[in-house]
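Chemist: Top to bottom, those sequences are chains R and B.
Residues -4 to 245, numbered by the working numbering, are exactly what the first sequence covers, in order.
Residues 306 to 643, numbered by the working numbering, are exactly what the second sequence covers, in order.
Rather than coming from a laboratory, the hints here were simulated on the basis of the structure.
Owing to the predicted nature of the structure, the values given are computational and were not obtained by experimental measurement.
Here a beta-carbon is modelled for each residue, glycine too, at the ideal position from N, C-alpha and C.
You may find that some hints are simply not true.
Stated by the list, open to error - From the structure, some residues in chain B lie toward chain R, with a derived Cβ separation under 10 Å:
{"no.": "1", "residue": "Phe308"}
{"no.": "2", "residue": "Arg316"}
{"no.": "3", "residue": "Pro324"}
{"no.": "4", "residue": "Arg330"}
{"no.": "5", "residue": "Ile337"}
{"no.": "6", "residue": "Leu554"}
Unchecked claim - Which bits of chain R does chain B cover? Going by a derived footprint, with three or more residues having C-beta under 8 Å, they are:
{"no.": "7", "stretch": "55 to 61"}
{"no.": "8", "stretch": "141 to 155"}
{"no.": "9", "stretch": "210 to 221"}
As the list claims (entries may be wrong) - Negatives, chain B to chain R, calculated, CB over 12 Å:
{"no.": "10", "residue": "Gly413"}
{"no.": "11", "residue": "Ala531"}
{"no.": "12", "residue": "Ser594"}
{"no.": "13", "residue": "Phe613"}
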Amino acid sequence: MPSENPPIARGAFPLTRWSVVAAARSDDAALRARALDRLCAAYWKPVYKYIRLKYAKPPDEAQDLTQGFFAEVLERDLLSRFDPGKSRLRTYMRLCADSFVLNEIKHAGRQKRGGDAVHLALDYPAAENELDKQTIDPASIASPEKFEEFFEKEWIRSLFSSAVEDLRQLCGARGKERAFALFEAYDLSGDDVSYSQLAEERGILARDVTNQLAWARREFRRFAQDRLRSVCSTEEEFSRESKALFGGEF
Amino acid sequence: MAFLSDQAMERLRNLEIAPDFSGTRYSLVRFIARGGMGAVYLAEDKTLDRRVAIKVLDAADPDGERADRLGREARILAELEHPGIVPVHDLGRLADGRIFYAMKFIEGARIDQFLAGLLSLPERLRLFLRISDAVAFAHSRGILHRDLKPANVMVGAFGEVLVMDWGLGEFLPRPSLGTAAAAPVPASASTSAGGEAGHLSGKTQAGLVVGTPGFMSPEQAAGSSASLDQRSDVFSLGKLLQFVVETPLGGGSAGFELSRPLRAICGKATSADPALRYQAVLELSLDISRYLDGAPVSAHRENWGERFLRFYRRYQPAILLILAYLLMRALFVIYSRH
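Using the sequences and the hints, build the whole thing.
Modeler: If you want it as structure tokens, here you go:
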């Protein structure tokens, strides 16, 4: 079953050129499984939070619906029906989630999934914790467009979180924990600190802070790009998404 | 996995990927600007103890094509030693493998910002002549700019006018001395005398449109890069001339209106048919110089009234002196008779 955040394992797949959409259509079962794995990693949190807020579902019900949705993606092979010419993958995923939830609500009395149904090991308490931190009042999201925006934002948050995790693992593997700590302190914490403050706290030169941060940021972007590319169906879509995400190609 | 706040997300979306200059003779001072494929930084040259601008490849480059382009841009700048073209100092690679080049750091303003303070038309035209001098020099070295526009012209702190961003520049076969101004040199021509040009021309794929809408020639916009010659830059200069003249003055005052000769010069430079344009930048410059001197321009056939007016403006002091003399003489004769 898919893990929450499959690490970018260079060498296992040429991930920079790998797309879930292409992989979902592959004859190779292992590749298809990786596609679902990657898809879940990118979308489960946005889908879960979206169901929680848009349909005002309590946690346990939203968890069932999220599990059910990804099981349906796999069982009905929804990914292979995606047409990149008509929409972006995340719009398709959101619409599929809407359709699934509405269908489930309509047939509320039908038998619950169980037995040999697909079950994903997802960290729902963490998602709940994030929703608490975001302190979102569903009533304040007045229009369907706002829910779309919310889904997009959560999708970006999920993508970035995965890329940060990739970076953390890379820093651990290469003994560059200090670079990650600087990245965390300067770019993730939200605290207003200067390079010289960070250098002073750690007893290093400001130039070292510059260089280590530059390296960490570049690696973060590379991971974010890799993950973004893998959930885009074409190079053109990737280029467009990259521009929207980072304000320019790089 | 740690939760990313909205603030952290915004920060991550706008990360400025500062280059790592360790292992080079440079240390980073600050970010200056970002272009299509590269970012420009202010850096300190530790060996020579001076400030330089460094352009670093800052774009996805899976097949190395952009690195080639940046390298070609540096070699173009090295080829063009001219006061109107920013000099390149160094070409190298960062520790992460990205290519960069170092050039002179220019403190100044972009031409559109600078023009607001130029209060007279002759000043603006003389500034334009310095731009066209740099471009004519590049053509004489067999190089097209292909992206001439206001954003790519800077005026330095001491009034030096510099044509920047040769990233779309293209080597042409090197013309023999004395023919640069006369004969258009197509990019697709054979390169027997081209030297390096032979290796580098044709790097831009046929059919790929590069340039800036509003300033690029129709043939460039059509993607026929192989058939571009110096007349394509002449077109862009014509558009730039119009911009230089018409840009509003500071304080909200309107820019200058194009007089009929200037309108004719712009019209000829920006003709859709390259054969009807000035065939070389020097011909365009010559017409501007004639206009500044009050002489007739080749692009415009004057009527009698215009010829008289121009003649009057050109020799105004002498004409007024003669008229004053004749008037005095006439008054003297009348007074004597009475």
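Chemist: Each of the hints needs a verdict: does it hold here or not?
Modeler: Verification of the hints:
1. Against a cut-off of 10 Å between C-beta atoms, the interface hint on Phe308/B holds, since the closest Cβ of chain R lies about 5 Å away.
2. Look at Arg316/B: its Cβ gets to within about 5 Å of chain R, closer than 10 Å, so that hint holds up.
3. Using the Cβ-Cβ criterion of 10 Å, the hint placing Pro324/B at the interface with chain R is satisfied: the shortest such distance is roughly 6 Å.
4. Annotation: Arg330/B was flagged as interfacial toward chain R, and the flag is violated, the nearest CB pair being 14 Å apart, outside 10 Å.
5. A least Cβ separation of about 15 Å between Ile337/B and chain R goes past the 10 Å threshold, and the interface hint is therefore violated.
6. Hint status for Leu554/B: violated, given a least beta-carbon distance of 33 Å to chain R, over 10 Å.
7. With a cut-off of 8 Å between beta carbons, the stretch 55 to 61 of chain R has 0 residues touching chain B; three or more are needed, and the interface restraint is violated.
8. A stretch counts as covered by a chain when three or more of its residues have a beta carbon under 8 Å from one of that chain; for the stretch 141 to 155 of chain R and chain B the count is 4, and the coverage holds.
9. Closer than 8 Å: that is the beta-carbon criterion, and the stretch 210 to 221 of chain R has 7 residues meeting it against chain B, so the requirement of 3 holds.
10. The beta carbon of Gly413/B sits about 25 Å from the closest Cβ of chain R, which is more than 12 Å, so the claim that it is off the interface holds.
11. Once the 12 Å rule is applied to beta carbons, Ala531/B is consistent with being away from chain R; the minimum gap is 25 Å.
12. A cut-off of 12 Å between C-beta atoms confirms that Ser594/B is not in contact with chain R; the least separation is 41 Å.
13. The Cβ of Phe613/B lies farther than 12 Å from every Cβ of chain R, with a closest approach of about 57 Å, so its non-interface assignment holds.
When the structure is compared with the earlier hints, violations turn up for hints 4, 5, 6, 7 and for no others.
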